[in-house]
Every structure is written in structure tokens, then in C-alpha cells.
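Order-wise, the sequence lines are chains E and B.
Mapping of the first sequence onto my numbering: position 293 corresponds to residue 293, and the numbering continues sequentially without gaps.
Mapping of the second sequence onto my numbering: position 7 corresponds to residue 7, and the numbering continues sequentially without gaps.
Since the hints were derived computationally from the structure, they do not count as laboratory data.
Heads up, some of the hints might be wrong.
Taking lysine-lysine pairs in the DSBU-like style, the calculated list, with each CA pair at most 30 Å apart, reads [said to hold, decoys possible]:
#, chain 1, residue 1, chain 2, residue 2
1, B, K751, B, K19
2, E, K106, E, K13
3, E, K39, E, K13
4, E, K39, B, K540
5, B, K540, B, K709
6, E, K106, E, K39
7, B, K648, B, K540
8, B, K29, E, K106
9, B, K648, E, K39
Keep in mind that this is a model prediction, so the values were computed, not measured.
This is what each chain is made of:
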Amino acid sequence: MQPFSYQRADTVKTAVAAVAGRPAARFIAGGTNLLDLMKLGIERPEHLVDIGRLPLDRIEPTGEGGLRVGAQVRNSDLAADPTVRSRYPALSQALLAGASGQIRNKASTGGNLLQRTRCPYFYDRNMPCNKREPGAGCAALRGFNRMHAVIGTSQACIAVHPSDMAVAMAVLDATVETVSPGGETRSIPIGDLYRLPGTTPHQETVLAHGEMITGVTLPPPPAGRQTYRKVRDRASYAFALVSVAAIIEVSGNRVRTARVALGGVAPKPWRALETESRLAGAALTDHVLTDAAEAAMAGAVGHGGNDFKIPLGKRTVRYTLASVAEQA
Amino acid sequence: MTDKAQRHTTSGGGSFTGKPVDRVDGPIKVTGTATYAYEVAEGPPPAFGFVLGAGIAKGRILEIETGLAERTPGVLHVMTHLNAPPQPEFGPAVTPAVREVFTRARPVLRDNRIRYYDEPIALVVGETFEAARAAAALIKVRYEEAAGDFGLEERRQAAYAPQRTNAGFDTDSAVGDFDAAFSEAAVRIDMTYRTPYQHHNPMEPHATLAIWQGDDVTIHTSAQTLSNFRAGLAATLGVPLERVRVISRYIGGGFGSKLIVHADSVLAALAARILGRPVKVALTRQQMFANAGHRAEMLQNVRLGASPDGKLLALGHDVWSATSRIEEFCEQTAVFARSLYAAPSRLTRHRLVPVDLNRGEWMRSPGEAPGMLALECAMDELAERLGLDPIELRIRNEPDLDPERGVPFSTRNLVACMQEGARRFGWERRRSEPGRLREGRKLVGLGMAAAIRPNYMGAAAASVRIDAEGRVTARLDMTDIGTGTYTILTQIAADALGVPLAAVTIELGDTNFPLTAGSGGSWGAASAGTALLRACEALKRKIVTAARTRTGAPAQNPGTDDVTIVAGAVRLGDRPEGLAEFMRRVAPQGLDATGSVEAGANTESYRAFSQHSYGAHFAEVSVDCDTGEIRARRLLAVIGAGRILNAKTARSQILGGMTWGLGAALMEETVLDRRYGCFVNHDLAEYHLPVNSDVPDLEVVFIEENDDKANPFGAKGLGELGVCGAGAAIANAVYNATGVRVRDFPLTLDKVLPGLATVAL
Ligand SMILES: Cc1cc2nc3c(=O)[nH]c(=O)nc-3n(C[C@H](O)[C@H](O)[C@H](O)COP(=O)(O)OP(=O)(O)OC[C@H]3O[C@@H](n4cnc5c(N)ncnc54)[C@H](O)[C@@H]3O)c2cc1C
Ligand code: SF4
Chain E
1 MQPFSYQRAD TVKTAVAAVA GRPAARFIAG GTNLLDLMKL GIERPEHLVD
51 IGRLPLDRIE PTGEGGLRVG AQVRNSDLAA DPTVRSRYPA LSQALLAGAS
101 GQIRNKASTG GNLLQRTRCP YFYDRNMPCN KREPGAGCAA LRGFNRMHAV
151 IGTSQACIAV HPSDMAVAMA VLDATVETVS PGGETRSIPI GDLYRLPGTT
201 PHQETVLAHG EMITGVTLPP PPAGRQTYRK VRDRASYAFA LVSVAAIIEV
251 SGNRVRTARV ALGGVAPKPW RALETESRLA GAALTDHVLT DAAEAAMAGA
301 VGHGGNDFKI PLGKRTVRYT LASVAEQA
Chain B
1 MTDKAQRHTT SGGGSFTGKP VDRVDGPIKV TGTATYAYEV AEGPPPAFGF
51 VLGAGIAKGR ILEIETGLAE RTPGVLHVMT HLNAPPQPEF GPAVTPAVRE
101 VFTRARPVLR DNRIRYYDEP IALVVGETFE AARAAAALIK VRYEEAAGDF
151 GLEERRQAAY APQRTNAGFD TDSAVGDFDA AFSEAAVRID MTYRTPYQHH
201 NPMEPHATLA IWQGDDVTIH TSAQTLSNFR AGLAATLGVP LERVRVISRY
251 IGGGFGSKLI VHADSVLAAL AARILGRPVK VALTRQQMFA NAGHRAEMLQ
301 NVRLGASPDG KLLALGHDVW SATSRIEEFC EQTAVFARSL YAAPSRLTRH
351 RLVPVDLNRG EWMRSPGEAP GMLALECAMD ELAERLGLDP IELRIRNEPD
401 LDPERGVPFS TRNLVACMQE GARRFGWERR RSEPGRLREG RKLVGLGMAA
451 AIRPNYMGAA AASVRIDAEG RVTARLDMTD IGTGTYTILT QIAADALGVP
501 LAAVTIELGD TNFPLTAGSG GSWGAASAGT ALLRACEALK RKIVTAARTR
551 TGAPAQNPGT DDVTIVAGAV RLGDRPEGLA EFMRRVAPQG LDATGSVEAG
601 ANTESYRAFS QHSYGAHFAE VSVDCDTGEI RARRLLAVIG AGRILNAKTA
651 RSQILGGMTW GLGAALMEET VLDRRYGCFV NHDLAEYHLP VNSDVPDLEV
701 VFIEENDDKA NPFGAKGLGE LGVCGAGAAI ANAVYNATGV RVRDFPLTLD
751 KVLPGLATVA L
């Protein structure tokens, strides 16, 4: 870890100014991702601005009947919040499916959204990695890529965005609230927060340097039943191989509306819009579910080690839809 | 120096051995006051070393630029091959004698050659760990890279036969005419299984604090077998053995990765001498993957030929293992197969394929852990082919004598273990046809496997002293790697001397104490326990003699039991006297005695009997129809391992072993990137070990047994038995659940999924 200076911010304004003013400055919240990366020399900030104690730790109802979650709300607290549990159960389930109890106690809402990929080559400075060192090449493309993405990738990078929480937020149509260095606030639909790798995998989000996430707004939950299903290699404390967040509203034997997002398969939480539209208004038959599941993985490309994610993704979508519809 | 903390607080007398006595070191462990090597605060303030590893797997360092690191504030010294003190050469890949594997010199930073990825190329020592680590990142290296070899399967033709396997077993064994018997057998199984690279991953990393005083060095480290460790370090440093003292009082797990000297100890000792100041060096978790041992990838071909009624006619077990080019390690993977089942024609062979990695080490049940995954799955496959219950197949092949040595078994309760297990586990619920048991969208299966593990005995000595207050202190360089050694030795000494547990203090983990074989191969309890028992018996004789001498009891009648010590009181005739009172009166200077035991391999009983522990593992698993996720639901182990010295710590040992078996079956694998020669998933987020929610309902049952051939306690090696066969039971349960036989471990969902039909919703 290279030496750095540290400051604790007491207002959003000073925090944003402190980071915006220095190219090698970073926000630090729970530190559960940033500190690991610093120890390995992958992130090398010269200055840390600790935003962990900013008064952004509230979960409040919005006028529209939704919920505003402060960026400093801990993952554990968000998962346990009674309103989240009753009205946004997919979010609570997703949070609890992530990391470990200890990590969730430290991890913040903003930090979770901006956690970086777990691609093991990204974590080893001796390996070529375009995300760490633009232009160096991608060791995962022809290497060990069992955990990697099959959708939305490029030849430059096939890394997955590892957050569970973000997948649930994507299905809930959450909006990310920020304050930019100029002091303006922005509301970014979560689907627009992340960039696909293209030729610039090191540019992961649309945020400017020094732009801070202050919170996430959840609109009122859509009608229907919610669930989050995470498929993983061990029962806890493992990143998703595939995960599915789904909200389905059923009337009689027909789907009225459906929303589906996938995790573990793409560089960002992936909304399966084609699946959603095939389901809307359709009868709940095995054929429809299979077809909708196929659509979720349409265009997916495996890289050898992760080929299994394509059939696994379809099977998981199909069964998750069926089980939610059954209970709806 | 002495640590009083391991004293026990329970009082009372009588027989403690066998009882589920709480761990005497439990309170200090759970309150965080047990001191591990890196935490030892002794001597002047230490400096901190950080190891820099090579970024290539094979080649030479052409240039290494350390100027920037050296000029970094807080940096005290940068050591590379250019300025490291002289060390002996790293010798040949195979040592002349077995024991030299443990005691040979293991130089670090000796020359510019890179022999494996992440091999240490520099040590940066700073006032703080952080300063050292930051400076290490500033070192620039130019390499000349050479192509390395990393594959196993495609290089099987490059395999060679080693002179011996680990622990000195014969490389091959053959009885009868295997080829003929196998080709003539009516029913044949010929299957190849793959087991991956694995890493020990003890909680406590390899870490050392080195303190020199003149020409003497004290090494606080995390080691399992101190006398070997000391010899290895002395050889590396080029100093006489007596100059090195090694201390390991508390150890956060070893699993076989702490038997030999690693870079942390060598570099800490070298740097501390140069700086004239204590130096601490710990490997990071990531560095442990290349620098602290692994289990090598293996391919195993098992061939079983049987008659239609299920009698094995031919048993063949061939193993190909990767091995380090720099130092050979041949895991004894097929050796257990020489003793497990009867078959008139037999063949076991070990072959090695050299790769450019660091040496493999002894990992959790070396031999049986990977070997039983193969053979015990093959037995399951054979049982199905024959239409026999897997337990029945094993019973039909139960030998009367050790099938290759022709000697009787000391004790062998394999059949009893299987039958007891079947009854307790509800084995009758198992459907012989796979894929038949379904609960909702889960497929459920049951599986079983046998367990076998040789009983070893290492040479050991112990000293014991009783003071004027009647307090007993025993000393041995034995270690407690988390297994409960402090506790069972306390029980043994208390029983042998007739004193309460609270009167006994066991001091371990210091080469200033009498030497033992340490912890490894599950021999610790028997070896250290026997030495201590003998020391206590000798001490008791001294107490009795002293009692007689002082009271003028007839010395010509030494055989009579006129003197007893029970519950801390000496009874002479009918007059009891408190031990403390007695000691103050009779031997106020205290009394001392020693005891020892020789290595088992040298004993007549070892030659005359086949000595193994046995058991049977049962598993119930569920497999998700949709995703293929496999989760264990229930595991049962029935164990026949001689007398159990402490029912509680023994159970914990087996629980741990079963958990490792589960890890090996379902998740443990280190991926070697063959392009770069590096282990890719080198941290605990990506190298999956079972976590709490993976570990299901576990049950352990010990069957009544006393092996009087093994040692005075009738106890046999226990700890590693829990691993042996546990993984195979799980793999067999997965097959029973799904009808998909995966022969490539671990059984992750991607391997099962293609065989799982899409089940209607
Ligand atoms: C072993 C392990 C297992 C894990 N398993 C899972 C898992 O299964 N599922 C899962 O979803 N996650 C998992 N995680 C990741 C975990 O969820 C994240 O580390 C955590 O959410 C990050 O939050 P933090 O507050 O600690 O972020 P930090 O480490 O403090 O910050 C992360 C990044 O976000 C930036 N940042 C933080 N807050 C803001 C803000 N308000 N505005 C702008 N930038 C900001 C920081 O500058 C930094 O770049 C795991 C982590 C570990 C270590
Ligand atoms: S997948 Fe992306 S993060 Fe991983 S090595 Fe390739 S470029 Fe780097």
C-alpha cells in the first residue's frame, strides 16, 4: 500500500471538493473493497476522503410512496429495514445473499454500487489486465474465466459486476442520486450508471471524478411478487455464478407485468427487457416460461470456462419465474 | 517465559483419560490471549519484513533495481540475491534419506534463478509493515523468461517412477498377475478420476519473529514439528543446531503446511542478524499459495475386476501426480489401497510428472484424501454394476489378513463401522437406482464410503517435574495445532500420577524441551502421550521410592502396592497425606523424571501387525434440479480408532476432517493458469472452503475399541481419519441423487448440470 493522506469529511460539499481537487484522491466509505485493492497496489490513491460519517445514513419515505436510501446506509441495516423487508423483499434478499455478516456491517450502499470486479487477474498486478492498465490485454479472455460475463462484454474485458444489491435495485428501477464537483445534483437511473467495457473497460461508470453518490431512490414497488435467487458455489460467502431478481404480477393464469434482472453474467446488473416483454400479458405456460428464459440469454457468448452460465442462466430464470408466479 | 495460561481449572481425581474434558487452552483461545508467533512481544522492538515475489514462473533475474525502495523513509534494509548472506545450495530434488526432506537446507534469495511463480526475490525490512510493503512495490525487476511446464494430463508420457513415495513407502506394489486377472474378470470397472491442486489455508499464516542474541537465534514461528524445523533452519543458516531455538506455543492450524521451513523464517533470521534487531516476517494469504505448500493435481486410474457375486479378483490403482521439478513430492495416494480390500491380484503404482512449481507438501491426510476419492467412488460404481449394496460389496471383500503384507490386523472394525453407520443413518432409505428420491425441486441422494488411515508412531521424549507444592509440570517440544494436545496430555499426566487436572501444567512448543515428532500424520497423541506416560510412571516410581525410604517401609518388598497416589493424596498403608504436604516433607526440592518412546516403524508390533484406524462415512445430499447446486444435508462418521483419549476433542477432530472431506468433494480447487504458471484464485474469497452454512448436520460415533498392539493407551491415529473417505461418500451421494457420475473433483454445479435433464415445472 503506498502512503496516503487521510481526511474525514463532515459535509458532502467539502468531501466532493476534496476529491475533485486532486486526481489521485478517492472517497472511502466502508473500505471493504477499496482497502483490499490498496493493499495489493491496484488502487493507489494519494489521498482518502472518509465519507463514512456523513449524515447520509437514513432510510426515509419519499413523497411518491417510495424510499430514499442514504449512501452511507450499511448493507446490514438496509437488509433489516422493516419497510425494505416488507415492500422491497428482493432487495433485502439480495443484500443478505451478498458477502458475509461482517462485511455487510461495514459495507455502504454507495460503496456496494461502486465495488470493483472480482476478476482474479485484475487482482494480480503481474497479469495483463485492460481494466487495471489500459492496453495491456485481458488475461481472462483465454484464461480462467469461469466467473466471467457472457453478456455485454467486449474483446477488451469480460469482467462481471459483482454486486447482488445492484441487481435488485435494477429490477426495482432505482435512481442513483449524486452531487457533482460543481455542486449540481444528478439523478441517474441505475441502468445508466454503469458503462459497458467496449474499448475502455477502466471507465466503469458515468460518474465524474469527485462526483459522489449521496443516495438511492426506490420508486414505489411495482405490483407483483418479488424474489432474488442467487446461484453460487457454496451456500454463503460466494459471488453469484448467476443471479436473478424478478417481480411478477399475475392475474388468473396470465402475467400482467414482469421485470427481470440478472447478476453474475454481465459487466453491470442486466435488465432482461426482451424477457419482460415476452412475459407481459402471456399465459403462464411451460412454453412461455422457457421462451422467456431463452430470451434472457439471447446473444450470450461464452469464453470457455463460463459457457455453462448460458444454460444455467436460462434454467435459473425459468425456474425463478415459475416459482414467483406460482406464489403470486 | 512460561505460560501459565494453559492450566486447567476443573478439579477432581480419578480417571480422566477418555472423558470429554474441556480444552485447557480454550479460555485463552476464545479471549484472544493465546499469543501467536507474529504477536509475540519479546526482545527489542522488531522491524517488519515484506517479501516480494517473482512475477514470472521460470527464468532469471537480469536486473533488480532496489534504489527507490532503499531510499523510502522507514526502510531499513532491502535484501536480494545480490546481497543476501551466503546459504548452502538447494540440494537435489530427492534427498538421500526420508528424514532429510524435513531437515534439508531451503535457501531463499540465493541466486538469480526463478523456479516458480511468486518465488521470493527480495525482502524489504522497514520500521513498519506498511512502509516495507509500500517500498516493495517500488522495486523494478527485469527478467529473462523461460517456458515452464505445467500440464499433467497431456504430459503423462513424461511421467517417471520415483524411488519411493512420501513417508518412505514403496512406489509400486504387485501381487499375483493383475493384467491377467483383470482381463478375465466378469465385471470390470476402469475409471479415471482427477483431483485438483489444493491449498492448506490454515487460519494463521506462516509467520516468524527472529531474535538474535550473539550467535544464538530464537525463532517464534508457527510450526508443527519443531525439531525438524530447527534442523532445517540451522542447515539453511549454516549454524550449529544448538544455536537455534524454535518456539511455537500456539498454532492457528497447519494441516501439514507447517512441517518444514518456509521463506518467512529464513528471511526473518537472515535480516535480524544483519540489522542486529528482531525482525518479523509473515507471508500474506496470497503469498501462501506459492510459498507454503499445496497438494498437487492428480489423475488416478482405478481398475476393479470382480466375479459376478462381487468378489474382487483384481484391484489396480495407478496414480499420476504433478511434482515440483525442484523438489520431488510423491503423495502416497495408492498406498492405502494395499490394505483396504481383499483381492488375489493387485497392482498399485505412483508416477510423477515434473512441473515448474514450488514443492508440494503434506496436506490433510496425505495419500488417503485424494486416493479414497477415487477408489471409494470406483467401489460405488462397481457395486452398481453388480447390483449389490455398496456396504455388502465391501463386506464381501473384507480381508482376514493385510492383503499385501500378509500379517494380521492389530484391530480392524471396518465392517462394524459400516453396519453401525447403516443402522444409524437410515441407509435403507437409499434407493439403489439413482435419481429416484425427490423433495420439491431437490433431488436427494445417499452415499457411503469406507475410511482407513495408517497408525503412525514417532519417536518422542518428555520430562516431568513435581514441585514441593505438588504441582506437576510436563515439558515436550510437542505442538498443539488446534487439535487438543494440551488437553489430552493434561489428562494423561493427571491419570498417571493420580493428581487432579488442575495440578498439571503442560508446556509445549519449545525446542529447549525434550524432542518429539511433533504434530503430523495423526501420530501426535500416541507418540507424545506415550513418552509423557512413561515419564509420569518414572516420576511415580520416584515418589513411591521416596515415600518408602522416608517411612522405612520394607524396600525388599517393592512389588507390593502399599503406596498409592489417588486424587492428589499419597496413601502409605492406610495413612493418606496430601501430595503437597508429602512433597514438602519428603522431597522439598521436587522430583524429576523423563520418558521416551521410539518410532513405531522400528518396533516389533509394527512389523507383526497391520495397524490402521478405520471408519465409515455416510452422506445425504440435495441437488437442485434447476441449477445443479449441491448441498450436503447430513453426514455421519462411525469411527474405530482404538481408545478415544478425549471424547470431546476427538469428536472435534473428526468433525473438522469431515468438513475438509466436504470441501474436497464439492469446492476446494486452486486453478493453475498454465500460461503463466500462477495459481489464479489465490485468496479466501475465491479459494472456496466450506463455510458454516455449507456444513450440515454432522454426527460422529466412536465404536468401542482398544488396540493393545498400538501403544499403552490402546489409542490409534485419529485426526486425519475424518477426511479419509468423507469426500467419496458425498460424491457417491451426488451420484445417487442425480445419476450423474462426475469423476473430476471438485463436483461443482457446472459439471453436474449437463447431465441433469430439464425437469418439468
Ligand atoms: C470476501 C468478500 C466477499 C464479498 N461477497 C460479495 C457478494 O457475494 N455480493 C456482493 O454484492 N458483494 C460482495 N462483496 C463486496 C461488498 O459488498 C463490497 O465490498 C461493499 O459493498 C463495498 O462497500 P464499501 O462501503 O465498503 O465500499 P468502499 O470499499 O469504501 O468503496 C468502494 C468504492 O466505491 C467508492 N465509493 C464509496 N462510496 C462512494 C460514494 N458514496 N460516492 C462515490 N464513490 C463512493 C470508493 O471510492 C471505492 O472506489 C464481498 C466483499 C468481500 C471482501
Ligand atoms: S476480464 Fe477485465 S478485469 Fe479481468 S483481466 Fe480481462 S480486462 Fe482485466
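Structure-based check of all given hints:
1. K751/B / K19/B: violated (45 Å)
2. K106/E / K13/E: Roughly 23 Å between the alpha carbons, so the hint for K106/E and K13/E holds.
3. K39/E / K13/E: Distance of about 28 Å is within 30 Å: holds.
4. K39/E / K540/B: Violated, at about 57 Å.
5. K540/B / K709/B: holds (24 Å)
6. K106/E / K39/E: Distance of about 18 Å is within 30 Å: holds.
7. K648/B / K540/B: holds (28 Å)
8. K29/B / K106/E: holds (25 Å)
9. K648/B / K39/E: violated (40 Å)
Going through the hint list in order, the structure does not satisfy hints 1, 4 and 9.
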